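Undergrad: The chain contents come next:
Protein chains: 2
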Amino acid sequence: MRELFTEEMNKISGDLDTMAAAVKAAIDGAGKALLDADIDAAQSVIDGDIKIDALEASIIDQCLEMLARQTPVATDLRVVVSTLRIASTFERMGDLARHIAEIARRAYPESAVNPAIRDCFQKMQDFDSHTADELIQILKNHNEDQAVKLIEKDSQLDDLHTKTFGIVNADSWNGTKQQTIDAVLIARFYERIGDHAVGVARRIVFIVSGFDPSKDPTPVLAGGLDE
Amino acid sequence: MRELFTEEMNKISGDLDTMAAAVKAAIDGAGKALLDADIDAAQSVIDGDIKIDALEASIIDQCLEMLARQTPVATDLRVVVSTLRIASTFERMGDLARHIAEIARRAYPESAVNPAIRDCFQKMQDFDSHTADELIQILKNHNEDQAVKLIEKDSQLDDLHTKTFGIVNADSWNGTKQQTIDAVLIARFYERIGDHAVGVARRIVFIVSGFDPSKDPTPVLAGGLDE
Numbered sequence: 001m002r003e004l005f006t007e008e009m010n011k012i013s014g015d016l017d018t019m020a021a022a023v024k025a026a027i028d029g030a031g032k033a034l035l036d037a038d039i040d041a042a043q044s045v046i047d048g049d050i051k052i053d054a055l056e057a058s059i060i061d062q063c064l065e066m067l068a069r070q071t072p073v074a075t076d077l078r079v080v081v082s083t084l085r086i087a088s089t090f091e092r093m094g095d096l097a098r099h100i101a102e103i104a105r106r107a108y109p110e111s112a113v114n115p116a117i118r119d120c121f122q123k124m125q126d127f128d129s130h131t132a133d134e135l136i137q138i139l140k141n142h143n144e145d146q147a148v149k150l151i152e153k154d155s156q157l158d159d160l161h162t163k164t165f166g167i168v169n170a171d172s173w174n175g176t177k178q179q180t181i182d183a184v185l186i187a188r189f190y191e192r193i194g195d196h197a198v199g200v201a202r203r204i205v206f207i208v209s210g211f212d213p214s215k216d217p218t219p220v221l222a223g224g225l226d227e
Numbered sequence: 001m002r003e004l005f006t007e008e009m010n011k012i013s014g015d016l017d018t019m020a021a022a023v024k025a026a027i028d029g030a031g032k033a034l035l036d037a038d039i040d041a042a043q044s045v046i047d048g049d050i051k052i053d054a055l056e057a058s059i060i061d062q063c064l065e066m067l068a069r070q071t072p073v074a075t076d077l078r079v080v081v082s083t084l085r086i087a088s089t090f091e092r093m094g095d096l097a098r099h100i101a102e103i104a105r106r107a108y109p110e111s112a113v114n115p116a117i118r119d120c121f122q123k124m125q126d127f128d129s130h131t132a133d134e135l136i137q138i139l140k141n142h143n144e145d146q147a148v149k150l151i152e153k154d155s156q157l158d159d160l161h162t163k164t165f166g167i168v169n170a171d172s173w174n175g176t177k178q179q180t181i182d183a184v185l186i187a188r189f190y191e192r193i194g195d196h197a198v199g200v201a202r203r204i205v206f207i208v209s210g211f212d213p214s215k216d217p218t219p220v221l222a223g224g225l226d227e
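These protein sequence lines map, in sequence, to chains A and B. The numbering of the first sequence is full-length UniProt numbering, which starts it at 1 and goes up by one. The numbering of the second sequence is full-length UniProt numbering, which starts it at 1 and goes up by one.
Chain A on its own, in the form it takes in the complex (with noise of 0.2 Å):
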């Protein structure tokens, strides 16, 4: 039975990083076509995301099969439970993703970033760029150091979303409406990116260590994602 589930299980950790490893191509794919205004790596962002749903459907699948059939306890339960919960994290990052590569369809040929704010997008992009590469080595080496370093972290990110408020309600702020209205919608999408990296650094300690750091007094790691 041990062995099984070990076996079992090894399979959907796989499934899991190929997810992640997609939600990373996503992520990179949607900041060229944002940046550069490249509508072939918007397409296939978009046309990408489907994978990363069927991916998030088959964990669940597994995981609820694995569930009844294995009845885990203790961490075997965790692993499992926060498996099927990351699964579906995931795949919001995988539409938010898609969110931007969207914008980025639509200003085509028109870029939808306004100088004033590309630089901003940029250090976004690079941020939500970097914290996916961290997932996909914390969900292989289980390092709860870098992974509560992550969740500390994110306050940089929330700095970027404010900043980019103070950008577009500037005097000097000369972006047309849509690229106002664009520019609200990619820093909220960025900074959700980040928040749900967050959330599956908190899922990892969990399974970790039993602890689940939303309940931790330390302010950094209290408090639930924020949407």
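No lab work stands behind these hints, which were simulated from the structure alone. Treat the hints with care, since some could be wrong.
[Said to hold, decoys possible] Which residues of chain A face chain B? A partial, calculated answer using Cβ under 7 Å:
#	residue
1	Leu67
2	Gln70
3	Thr71
4	Val73
5	Phe165
6	Gly166
7	Thr180
8	Val184
Since this is a predicted model, take the numbers as computed values, not measurements. For glycine and all other residues, C-beta sits at the position ideal for the given N, C-alpha and C.
We have chain A already, so just place chain B on it with the hints.
TA: Below, chain B without anything else, positioned relative to chain A:
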């Protein structure tokens, strides 16, 4: 064992009903805060969110304990896992109501809502409030038809969401930059509340029928949550 399951599940269902009622109150409070520039209503929603978060944490704990101790299968397993996920979705709906209340609080004593967009936001508010009422009912009656109807009518909210962009992007729009930013965010928050309600309705269909409507080839039922 079976009796114990029923007894414990009734307790958890009761907590989920309490959570649904708290979310409905948060949505109504957010609407009052936003549309009447009511600072007390805003503060009450913001302060009350911590209770919704605590309910989520408690329900998830109870579900995990159920899974570990009672090892439910078939319908019972679906109920427990779906309950856990519905609690997380309600938590996010509460966060979104809080975000709307926060925008109202920041704008006070001014209104965050430009008159040109007021009617649209009133309609989105009424839609979400009514949807929250329906969720409360469906949680109790497990009426699959009502759940499917709720899923289907979400397109009305999407239309209102699209309409807000048209208003903000029109030549006739005379809102301040801050009102533009707020309008884009508020519309997004209202739309997301509706999306999450659809997610809850889908999970109730899954509990009742064992059928996951997100895998339905019918377009209106297909597709995951969009964020």
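Undergrad: Now tell me, hint by hint, if it's right for this structure.
TA: For each hint, the structure was consulted:
A distance limit of 7 Å between C-beta atoms decides the matter here; for leucine 67 of chain A the minimum to chain B is near 6 Å, and the interface restraint holds. A cut of 7 Å between beta carbons decides the hint on glutamine 70 of chain A: the least distance to chain B is about 9 Å, and the hint is violated. Given the 7 Å rule on beta carbons, the hint for threonine 71 of chain A holds: about 4 Å separates it from the nearest Cβ of chain B. Annotation: valine 73 of chain A was flagged as interfacial toward chain B, and the flag holds, the nearest CB pair being 5 Å apart, inside 7 Å.
Because the beta carbon of phenylalanine 165 of chain A sits about 6 Å from the nearest beta carbon in chain B, less than 7 Å, this interface hint is met. With a least beta-carbon distance of about 10 Å to chain B, the hint placing glycine 166 of chain A at the interface is violated under the 7 Å criterion. Among the interface hints, the one on threonine 180 of chain A holds; its C-beta lies about 6 Å from the nearest C-beta in chain B, closer than the 7 Å criterion. Restraint check, valine 184 of chain A versus chain B: the minimum CB separation of about 4 Å is within 7 Å; hint holds.
When the structure is compared with the earlier hints, violations turn up for hints 2, 6 and for no others.
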